[in-house]
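Chain by chain, the residues:
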Amino acid sequence: MSDIGSDGVLAGVKELSPAKKLFMHLSVFIILFGGWELGSRLGHVNELIMPAPTSIAYRLYEMFFVTGSIYWHYIITMYEAVMGFIIGVSIGMGLAISAAISPVFRRYWAPYAVVFNVTPGIAVTPFIIAWFGFGYSSKIALAALVCFFPPFINTLTGLLHIDKDATELFRSLGATKRQYFIKCQIPTATPIIIAGLKLAMTGALIGTVVAQFFSASEGVGILMQRFAFRLNMDGSFAALIVMSLMGLSLFTLMEYMDYKVIYWRRHSRMEEVSAKRKRKWTMAE
Amino acid sequence: MADDIVIQGDGLRKQFTETVIAVEDAKFTIPRGSFISLVGPSGCGKSTLLRLISGLIEKTDGDLLVRNSEVVGPRSDIGMMFQKAVLLDWRTAIENVLLPDEIRGTVSPEAKKKAWDHLHLVGLQDFEFSFPRQLSGGMQQRVALARLLQTGADIMLLDEPFGALDEFTRERLNVELLKIVDDPNITTVFVTHNISEAIFLGDQVFVMTPRPGRIAAQIEIDLPKPRTIDLETTPEFQAYVQQVRDVLASHLEDQPL
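Chains as they are written, first to last, in the working numbering: chain A, 1 to 285; chain B, 1 to 257.
Keep in mind that a hint or two might mislead.
No more than 27 Å apart at the CA atoms, straight line, and that leaves these computed lysine-lysine pairs for DSSO-like [stated by the list, open to error]:
#1 B:Lys114 to A:Lys183
#2 A:Lys164 to B:Lys113
#3 A:Lys183 to B:Lys112
#4 B:Lys112 to A:Lys278
#5 B:Lys27 to A:Lys276
#6 B:Lys113 to A:Lys183
#7 A:Lys276 to B:Lys179
In short, the hints are calculated from the structure, not lab data.
So that you can see chain A by itself, here it is in the shape it has in the complex (with noise of 0.2 Å):
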């Protein structure tokens, strides 16, 4: 049985069979990367502005597995990104609860949270640098600006948009608030948490990678800046490369969350749980 909602964009795809899948995804693929390297073989693409894709291939090999300069990046661009993730998400997130519960903190608090959103956080990594220096905090300040309003706007969104009749329902049987938010309200804005969730996973990452071009003495951001001025263009888009395997990496993250918490959404998922429950339910009689 297929997924709820899971062929979104494909939709309207004819459905093939695994090699012939296999055989569109290479053909692709193919044309795609091979044109590209045939352009640059034949001198009809400048090295020094499109590299090969074979150049860069090489350079990846040789950052993972001949000198391994890229792992120390890796792990500080990831800790600074995954860090500021924390802080921003949870900063937005418990705003959003407390703006969720108190009508009065809504009205005149949130407005500044707007106000926030609207301005470009990018603009403001020079205050960012000068408050927080040239080390880590810098790059998870900036991260955390720039990934905290998704979460903000989408829990808050979800905990105020319930069903008029589950409210009625809570207050006819007489829940309490705390009830009522922790059964229904959280529940019910889980999903769109979430999404929101998942913006900020990507913005949290860019907001460190343009902490790391401004200054910075690690990470893949200003490892790739220091490629690019001095023309080693190859080596740049290889740590372009790095920074989508680890945009990918969280996003994958992330979507397994998804697919873990919300099994509601999803019929496999559905029969799994129900089966779970109902062995809880049978052992606990």
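Use these hints to put chain B onto chain A, whose structure you have.
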């Protein structure tokens, strides 16, 4: 107030804004164990009257007593059911039925046993651990009914509970509902805009008319019990339908659609 009167309204009035009077001068008594159908066109204030009784909204004026005490808010002897099942998607059927106990802090092996029995009573054996999204609309309403039974409330307020379901499912559920609430201690108020349904279910039908919302007539339905679907074709039944139509027509003819 006699002992067997459970709900009593007198001069009851609910005004939302200067021009919107949802309920005007409602006077009624509802005896213990009876089934009252509240029928009328949309916007006649029937849902508002139901919510006044439930304590979800406050009256503007008049008296409204439940068991001789003024209604000031939701109370545990009153349970509600809505047009939507309002199930929590992340909970299995049985966990949804247990919600009232969780909120009151009365979860126990006995309560769990009861939830199990209630689900079976509404015909959901083998679906105890299904999630709402795995159930059909009719089954979801069955879970909602089991949850209502689980509250232990003996006053049941139902707001078009099967209104969103297809005709066949609705008829079946109505017959089953009558069996379940056929208890001298359970008082039911059922809101609907379907005249046949109102007569089929009710011991009494309150006919409501809009702008302002008034109870235009209170009709005793003297039809044999237990009721079955073929009752609807009898001349007696049709006479009641005509009677309700006449009440509505006489109040609606001078109103814009």
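In ascending order, which of the hints set out earlier in this document are inconsistent with the structure?
Hints 2, 5 and 7 contradicted; others consistent.
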